[in-house]
Amino acid sequence: MSRQELLSPEGLRIDGRRANELRRTVCKQSVLGKADGSAYYEQGNTKVLAAVYGPREPRIKSAASFDRATIRVEFNVAPFSTSERRKRNRGDKRILEIASAIKQTFEAAIISTVFPRSQIDIYLHLLQDDGGNAQACINATTLALIDAGIPMTDYICACSAGFIDETPVLDLNQVEEASFETPDLTIAIMPRSGKVTLLQMESRLQVDRLEDTMALASEGCKQIHTIMDEVVRENTQDLVTKYGD
Amino acid sequence: MVREVEPSLNEKTFLLQALHQGLRLDGRSPVERRELEAEVNPQDLGVVTVRLGQTKVTASVSCEIVRPFPDRPTEGLLVIASEFGTMASPAFDGQRSDEEVFIARHVDKTLRRSRCIDLEGLCIVAGEKVWSIRVDLHFLDHDGSLLDAACFAAISALTHFRRPDVSVIGEEVTVHSIEERNPVPLGIHHYPICITFAFFELREATLNNTSGGEGGSGGAATAADPTAEVIQQLCVVDPTLLEEQACKGRMSVSINSHHEICAISKAGGMPLDHDLIIECSKHALKMARPLITKAKSFATSATAKKATK
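These protein sequence lines are chains A and B, in that order.
Quick note on the working numbering: the first sequence kicks off at 1 and runs consecutively.
Quick note on the working numbering: the second sequence kicks off at 1001 and runs consecutively.
Incorrect hints may appear among the rest.
Unchecked claim - List of simulated lysine-lysine pairs, DSS-like, C-alpha gap at most 27 Å:
hint: 1; chain 1: A; residue 1: K195; chain 2: B; residue 2: K1286
hint: 2; chain 1: A; residue 1: K34; chain 2: A; residue 2: K61
hint: 3; chain 1: B; residue 1: K1248; chain 2: A; residue 2: K222
As the list claims (entries may be wrong) - Here are the simulated distance ranges between beta carbons:
hint: 4; chain 1: B; residue 1: R1028; chain 2: A; residue 2: E230; range: 44 to 52 Å
hint: 5; chain 1: B; residue 1: E1083; chain 2: A; residue 2: N89; range: 18 to 26 Å
hint: 6; chain 1: A; residue 1: G194; chain 2: B; residue 2: G1121; range: 38 to 46 Å
hint: 7; chain 1: B; residue 1: L1023; chain 2: A; residue 2: F66; range: 26 to 34 Å
hint: 8; chain 1: B; residue 1: P1290; chain 2: A; residue 2: R117; range: 43 to 51 Å
In short, the hints are calculated from the structure, not lab data.
The structure displayed is predicted, hence computed values, not measured ones.
C-beta: ideal position from N, C-alpha, C; glycine also.
Put together the whole structure using the sequences plus the hints.
Here's what the structure looks like:
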């Protein structure tokens, strides 16, 4: 297997970005009519749709908790999301892993004790896959939960970073992620405190480089936070003016 | 799905108060691992049983010849199958729980994604025949840190394993039995070791319960109260089952002797500071060293056994 050059001598990556540059990020809230909260999130060519239902009565009574709301996450990957059409089965561990990571991440952020004996459902649909699925899903979920008006202690913003040759790079795309030489680190932080709620890493990374890579990814999270916050404020302003008339 | 029985509030409070004084229920210090015992089955190669306190995991390695994937014609396959039976814990009842997915994926990242096995060395005829190495992980008893035990069992079983020798003459492939020719060890690039950390947060209310005039009901209300002030964050290595159930978050770090992190998984849970994560990864490196030596020793133990036969 010949090694593809992921970072040119001029410091440009295969999609023309610099090492510390995010992909174009577009997001929107309230995109679905029936859901209590919904969001569309696009980072480069990765596109995710999120819908939140609840807090509502749990379908399975035994799953309910007496002191808090239970959170359920379902993550679907569209068969047309990759260049080769492929139907993924529900038992795919990668998909289950992302769903369970999102569930556990938001359990720490949602103030679930105010909705005892109820359930919050989060549905995620990956429309197009170009790397960074976990980060896109987490960001989309944050926006959808805010849209649904579910109380949270803070936003949760996620971003990935890697290390190519001697340079830390931000926000990996599919090609960079798939390369065996590139470590792939996804981090989710609460922007106000800067604390890390989720951290996942694959492939090999020197221990001494972990700090730099994490710092870069956190910087990316903060940039994403700014973009997301703007959208949330705009959307709320829009709602206020509509109700005002 | 059967719901796992949670430890009682008294048990949790006792655990937390002990931790506050730097004590753990089994007498370890917070940064101490349990002694890891590995047992090799003398009957066949590639079967290792690991005990970590009460936790017990068996890994067994087998191999077969298969056709490679068309996009990687010269690479062998490494398949890792995890078997979670109700034998280990009533929480594993056939349906995929978060815990099972977490363990299976982390083992997969640690061994496969980090490319610790030389897969190109498993090629027999490019595009036609390659070895497929299968690691079966059986979880026999669950007392916390299943992941640490599973990763160690898997890497030591791979080290201990020998595949039959093959010779290729023209188009013809001959597989030699173990009696005919000495079996061949797998090429292992590095030995990743997984270390799990559990994090706790101590709140004012938990500690005040010691004087405990009003007793249990007050404790129940405060333990769930997220607004109570967190006064201390604690971190322990190699948690037991009770510690895992009582903790607020977990993080697993896989690390090898080249100072490389092969995988980190922290799926949600308690938010942590950057510094704490860095500190944990450095600590993991220190703790992994003796385990790496131990895993490597299985290579020689297998040859020694062969010689005495």
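*What are the numbers of the hints that this structure violates, sorted from low to high?*
Hint check: nothing fails, all pass.
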